[in-house]
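Listed below, chain by chain, are the residues.
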Amino acid sequence: MGSIEPFNRLVKLAARAFYDDITTKGENQPKTGRSDNRGIAVVVLDALTRRQWVREEDLAKDLKLHTKQLRRTLRFFEEEKLVTRDHRKETAKGAKIYNAAVAATADGQPNGREGDEKLKMHTHSYCCLDYSQIYDVVRYRLQRMRKKLKDELESKNTVQEYICPNCSKRYTALDALRLITTYDEYFHCESCNGVLVAESDKFAAQELGDGDDNARRRRHEKLKDMLTKMEEQLKPLIDQLGRVKDLPAPEFGSLQAWELRANVAGRSNGDPNANDPSKSSLGFGGTPMPYVGETKVTFLASSVYLQNLSILHGCLEVILLARNFLLLLWKLKARDCQVEVAFSGVDDKGDVKSLNTSTPMKVLPPWMIKEGMNLTKEQRGETKIETKMGSTSTTSELSDDKKSTIVNDESKNIQDEYVKAYYAALLMRQREQEETVKKEEQESSNATMSNDVYNTPSERQVGMKSKRDDDYEGDDVEWEEEAAPPAAGGGTSEHYKVDLNVEAEASEEDEDEIDWEEG
Amino acid sequence: MFFHIVLERNMQLHPRHFGRDLRDKLVAKLMKDVEGTCSGRHGFIVAITGIESVGKGLIRDGTGFVTFPVKYQCVVFRPFKGEILEAVVTMVNKMGFFAEAGPVQIFVSNHLIPDDMEFQTGDMPNYTTSDGSVKIQKDSEVRLKIIGTRVDATEIFCIGTIKDDFLGVISDPGATS
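Taken in sequence, the protein lines are chains A and B.
Each residue of the first sequence is one higher than the last, beginning at 1 in UniProt numbering.
Each residue of the second sequence is one higher than the last, beginning at 1 in UniProt numbering.
A couple of the hints might just be wrong.
Stated by the list, open to error - Reference listing, derived: stretches of chain B covered by chain A, where coverage requires no fewer than 3 residues with Cβ under 8 angstroms from a Cβ of chain A:
1) 91-102
2) 106-112
3) 150-160
Keep in mind the hints are simulated off the structure, nothing from the lab.
Don't be surprised by glycine CBs; every beta carbon is placed ideally from N, CA and C.
Chain A on its own, in the form it takes in the complex (with noise of 0.2 angstroms):
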């Protein structure tokens, strides 16, 4: 993804040098200056470097154009192979993540704006650049240019091509047998007898007549200038490409894949990327779901990549920024922000067993709840943890109120925070019923084993799957589920339990459960 730079540029660059004039309309409209779309092609290409894969009607929307003017532009671009569309009825998707019925009800409104004309299924159009073929039909067309100038310019091994005005109907000298004819030196077309024109004397001479004496010489001279000019003027582009050479060029992969993985890195990315994309997500879903996914494993990643820092450094400071990150990330979303939370409560919980068991590679995940505990109070660690625990079990109600508040709170204890933070968490996932594996260790913590716990597992590994799938993250997951289980037997017998219930969540998802039930 940190190359996705210069491939934006290239593809800016190419908008700029070959789709300037492109315009996208129907030939039979007729030319007014208010229907001229030039121009359109560059704006939208332009839009599309800043986005990933992208609902159509979304596009549209930012772009202030017309859906139509839009597919018409997108289309043109399908076919020059530098966007890969994607369509598909939304409600098939939506009914396996939700239910059948819900997907009808809930998954219709979103999509009522446009859509095929079936009542419950619409289909959705999706596009996205497709960088490594942007980069070859770029190249191509440029040695394709390159190649045609100059095989003009040297009339070398050129087939001369013959073109019938009437019909323009095409041969090459290849047919000449064919076209002569006994009773004049020209050939002739073979449907329509009509004198046929070389082609590259029409390409070169158009504006030069037909004199034949200087004609030749004249277009040998504008054929070096084209080639000159276009060497100069392309000459950014083709600095570009040399740039992008090397460089992996980003992929998004299909339209499935994509959304699987935005799911699990789209927060890790930054928020501008992540916002596109989970737009879109969200537009199949029509849920905050995969947000809560997404939110999840981004900051598994984030406070991983913590962790792993501060336990290079061992210092208090780079859990601070961490914290202020975490504070950030909450202020900028309420609902997201939650759920992080949540996940740092559950590194919480890793922390105090860490520091029970007092060895370091076990430790790895709950640096910041640690953090809070030394800057408020160091002894506090273990009756922190108690204290959420208990709160997170009576007051769900009060979530809300504190939710509000949090952001306000920067200056409040850290600690305090959490604790609300965490509640809130909890609160939406209670109402959606929906638990993911920090939960299942805050309740056991509680010692309130729901059976609610174990029967959603599957709507909890959405967001649990789709982290396996990205590398980085899947790791992660798997260092700090393997970490529970050795903690808890330095743990007290609270955490113990915390931790039978980690590894039995994880065995759940090791055995991917998530695709039985999901199927």
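Assemble the complex: chain A is given as a structure, and chain B must be docked to it using the hints.
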């Protein structure tokens, strides 16, 4: 380019040739049938140089014709892209000129003729340099390079160029006569 290769063909022989000189008749018929034909794969079959073997004949039901599988050696001529050939000009027009190299017809379009040669109409249409020292007209011999071939099942047609070093007119028939 010429090749000496072995080909096989099933020959059908009329019963009236069955006799002492069956084999001669078979060979004569083979030559008549095959020489001068063109296959896209092997090119023009120029000449049969020998019979490798004649297989067992098979009498066809109903007709009494007998089919002999015959293996024969022959010389084939197959033009290739990039090959240099010497050819005789057969026709000159505004679009270029046609030439023949043995059985192969070659077209050289006017933009593959050197830029200093101009087309001159008249009784004998020709391409001439500005100083008149070189002239391409009917029956001129030219050396050309093949830049494209079209190979059909029974026909090969080539495009040539004389716009390269050492290509062009070899001798002018007008000078000798």
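(message) At least three residues with a C-beta closer than 8 angstroms to a C-beta of chain A: is that true for the region 150-160 of chain B?
(response) holds (count 3)
(message) Just to make sure I understand the rule, a stretch counts as covered if three or more of its residues have a C-beta closer than 8 angstroms to a C-beta of the chain. Does the region 91-102 of chain B meet that for chain A?
(response) holds (count 6)
(message) Tell me whether the statement that chain A covers the region 106-112 of chain B is true, taking a Cβ distance below 8 angstroms and needing three residues at minimum.
(response) holds (count 5)
Comparing the model with each numbered hint stated earlier shows that all of them hold.
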